[in-house]
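*Asks:* Spelled out from the first residue to the last, the chains are:
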Amino acid sequence: MNCKEVETQLLDAEKRDDVLAHTASCASCAARLAEMESLTAAFQRIARNDASRQAPERLEARLLTAFRQPQIKVVPMPQSRTAAVPRWNQWVLAAAVVAILSLLALFAWRIPEPAAAGEEAQERTLQPSQQIVVPSPKTIVPPEKQLAINEPKERSVANNRMPRGSNRPLDNSSQQMPPISDHGSNGEPADRREIATDFIPLAQGYGLPMTEGGQVMRVELPRSALNSFGLPMDVNRASERIKADVIIGNDGIARAIRFVR
Amino acid sequence: MALPEKISDGELLSRLLNSDEEAFVCLYRRRQAAVYRFAFQMCGSASIAEDVTQDVFMTLMRDGAGYDVKRGTVAAYLYGIARNFVLRKLERESRFVPIAEEQDGDIAAAESFIGTQNPLFDLTRNETIEAVRAAILELPTHYREVVVLCELNELSYAEAAEVLNCAIGTVRSRLSRARAILADSLRHERGAPASPKRVSAERSFA
Numbered sequence: 001m002n003c004k005e006v007e008t009q010l011l012d013a014e015k016r017d018d019v020l021a022h023t024a025s026c027a028s029c030a031a032r033l034a035e036m037e038s039l040t041a042a043f044q045r046i047a048r049n050d051a052s053r054q055a056p057e058r059l060e061a062r063l064l065t066a067f068r069q070p071q072i073k074v075v076p077m078p079q080s081r082t083a084a085v086p087r088w089n090q091w092v093l094a095a096a097v098v099a100i101l102s103l104l105a106l107f108a109w110r111i112p113e114p115a116a117a118g119e120e121a122q123e124r125t126l127q128p129s130q131q132i133v134v135p136s137p138k139t140i141v142p143p144e145k146q147l148a149i150n151e152p153k154e155r156s157v158a159n160n161r162m163p164r165g166s167n168r169p170l171d172n173s174s175q176q177m178p179p180i181s182d183h184g185s186n187g188e189p190a191d192r193r194e195i196a197t198d199f200i201p202l203a204q205g206y207g208l209p210m211t212e213g214g215q216v217m218r219v220e221l222p223r224s225a226l227n228s229f230g231l232p233m234d235v236n237r238a239s240e241r242i243k244a245d246v247i248i249g250n251d252g253i254a255r256a257i258r259f260v261r
Numbered sequence: 001m002a003l004p005e006k007i008s009d010g011e012l013l014s015r016l017l018n019s020d021e022e023a024f025v026c027l028y029r030r031r032q033a034a035v036y037r038f039a040f041q042m043c044g045s046a047s048i049a050e051d052v053t054q055d056v057f058m059t060l061m062r063d064g065a066g067y068d069v070k071r072g073t074v075a076a077y078l079y080g081i082a083r084n085f086v087l088r089k090l091e092r093e094s095r096f097v098p099i100a101e102e103q104d105g106d107i108a109a110a111e112s113f114i115g116t117q118n119p120l121f122d123l124t125r126n127e128t129i130e131a132v133r134a135a136i137l138e139l140p141t142h143y144r145e146v147v148v149l150c151e152l153n154e155l156s157y158a159e160a161a162e163v164l165n166c167a168i169g170t171v172r173s174r175l176s177r178a179r180a181i182l183a184d185s186l187r188h189e190r191g192a193p194a195s196p197k198r199v200s201a202e203r204s205f206a
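Chains as they are written, first to last, in my numbering: chain A, 1 to 261; chain B, 1 to 206.
Same shape as in the complex, but just chain B (with noise of 0.2 Å):
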């Protein structure tokens, strides 16, 4: 690319806007990978997590122009845009009946996690990781959401605020409540029967 590593977000998003390609090519190979992690973290599926990249992005050459630099940074913006995409995927998969699961391998963890016997976590196993992705994955939306920005995506408070339209205290005491609740299912867990199935990506209707 020629345009140097410097320029700013902004910048790129003002060109590209201007029908500049190269800009679009920056911005999109600079910033994707976090859309895309965002979406794979609150989802757990990859293809769901490659359509909402494309949504936003798709988003972004259209409504580009609505951004406001006073509201927070490109960064955030685009968070703020797969946020929204995520939770209407998220709503329509509630209204569908799982046919098939994947990733058996996390349940096998998570049941393996189960019966340990050590009386604190021991949560950096390999296995256990994820039990505690597939927990996140349980997680109410609005908690899932600050420990997915705050926690994976090491995002401030503020700039988790900004992302989420919310009070930087809203953010912190949710971050504070998943915590509990993460802490609460891992350990009620142990010696519990197998947690609900996964829903999965392949879906059919009801």
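Isolated chain A, as found in the complex (with noise of 0.2 Å):
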């Protein structure tokens, strides 16, 4: 056994006789044995101190709290795994979303304009009724001025058309985009106010351009979603939902999201 083999079969265990009998004559390995040993020796210690290292008692009942929640509880175990699909990754859940709503978007894009189309699409009165609304492309309403008429109950859908060859909105005066968002800081009530993340690129929309133009689509999403981009959560609304602003480029993928309270 060489110096080379000895480095790569340190932590081999059934190398370890063959091991020793090099570093008996090789001054380097053995200390490099010693090394490794001593490391092994820390990680051992390390071990030991953090055994008794245990979540707080307050989290258990928080999430017993949650628990006891009809919204979090999940469907039963499938009778066959066979038709069971896998979902390890929590990403499945908001992609399918996001996608969805961006099939919406492109839908909605791909409306021909009418020749009329005006000067007077400025602003658009959702009606209380619509559980979602895709506004056609002419109507470009500011998202403070959705979000001002629209019922904080309401499940509703604001559409921004964003001016090729920028990623950003047509109203640029609210859509920044810093970190931390304050919306409505106008002269507008402190309770009206938003608050936003900053925007969290999604997976799908890794390498591709964000400079071509696209729209600020407002959704509501469950609260729970926010575990799904490693916000934290308050599991006692765990069941209400949150709203968020999707960007979807011109080509119908979603690139980025935040949300807004």
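Simulated from the structure, these hints should not be mistaken for laboratory data. A hint or two may mislead.
As the list claims (entries may be wrong) - Footprint (simulated), chain B over chain A, 3 or more residues, beta carbon under 8 Å:
| id | segment |
| --- | --- |
| 1 | 8-20 |
| 2 | 34-40 |
| 3 | 43-49 |
| 4 | 55-67 |
| 5 | 241-253 |
Backbone N, C-alpha and C fix where the C-beta goes; we use that ideal spot for every residue, glycine too.
Join the two chains into one complex using the hints; note that each chain is given alone, in its own frame.
*Replies:* As structure tokens, this is what we get:
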């Protein structure tokens, strides 16, 4: 066994005798082995120190509260495992939601504009009875106006077109997209202001250009979707909805999402 | 708890998914510490570890039906979920700028380690243990997770491979490389300027 082999087989218990035989006559490999053994002892010490670490008791109480909420309880285990769809990654859930919304947006985007597409298309009131409203491309409504005309409990979709060649929507005064956006600060009451996270790139948006224009779509998601993006969530409100803005490119592919409260 | 200790994780999960609160509590108490430790050792932050533990068990409640016994144990499944959340947290953290240090004692301990004259590591001393812990946190994520799983939580290579969804040989080679990086890092720190400050859990947006 030479030094190169020892280097790669220091951790191999089956080769330990060979390693020891080599280190008896090789000072550098002996020192290397001593380092590794010392490192192993350090790992064991850390493991012993951490053995008593556990989640605080308050977490169990929070989770139990969530468990007792009917919305959180899930469907029973499938009878046939072959029919079960593995869901190891919560991205799937979020991606499915975003994909459906993207298709809706694409559909709306491709509706041919009437020749008389007018200047009057500035604002459109969403009917309370509408569950999901996708305005036609000519109805460009800044998100803060959409929010102002929507009832808080409504499930609605605000659709903003972005200018081609820009990754910002038409009304850039409210869409500078800082890490934390405080919308509605222009004299609006504090309780109507919006706080938004930074835009989080979606997996399918990687490698795609962001400068070809598109739309910002206001959607609502289950609050538990925050988990899917690694954001903290109040388990006591897991069954509630949360607003989000989704950037959808002209190709219909969702690029990024941000959560708004 | 009325449930017997010997009841399997799989059975507990099955009962949990049928709204058996007792089964949930039993499974949580059995596995929460491992999940919490893994997250803590990966991130070095108790608050993040708590968040990850919460997220893991919330996911279990919601998506536990997706568990497939053919793909591994419930413990490996939970580690896998925890790993996904940890990686997201770490990715998010990389966008932040540190504004404060935490665990200054760890840095001091690391610097005390730097000055040792011992030609070999004396890594079992209390202060150097923290230096090793800090060095683990500096490892690239794919090396850090094999160290945390195999060395600090004593998972076998096969179990770690289930969690990481990779080949056993990959686990072995990553672990070997991680140990080499750690040894070099700790050795080269001696006499060198203080290591880069660790990023705190208390952060601000860039």
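*Asks:* Take the hints in turn and mark each one as holding or not.
*Replies:* So, going through the hints one by one against the coordinates:
1. 8-20: holds (count 3)
2. 34-40: holds (count 6)
3. 43-49: holds (count 5)
4. 55-67: Satisfied; 9 residues make the cut.
5. 241-253: violated (count 0)
The structure fails to meet hint 5 from the earlier list, while all remaining hints are met.
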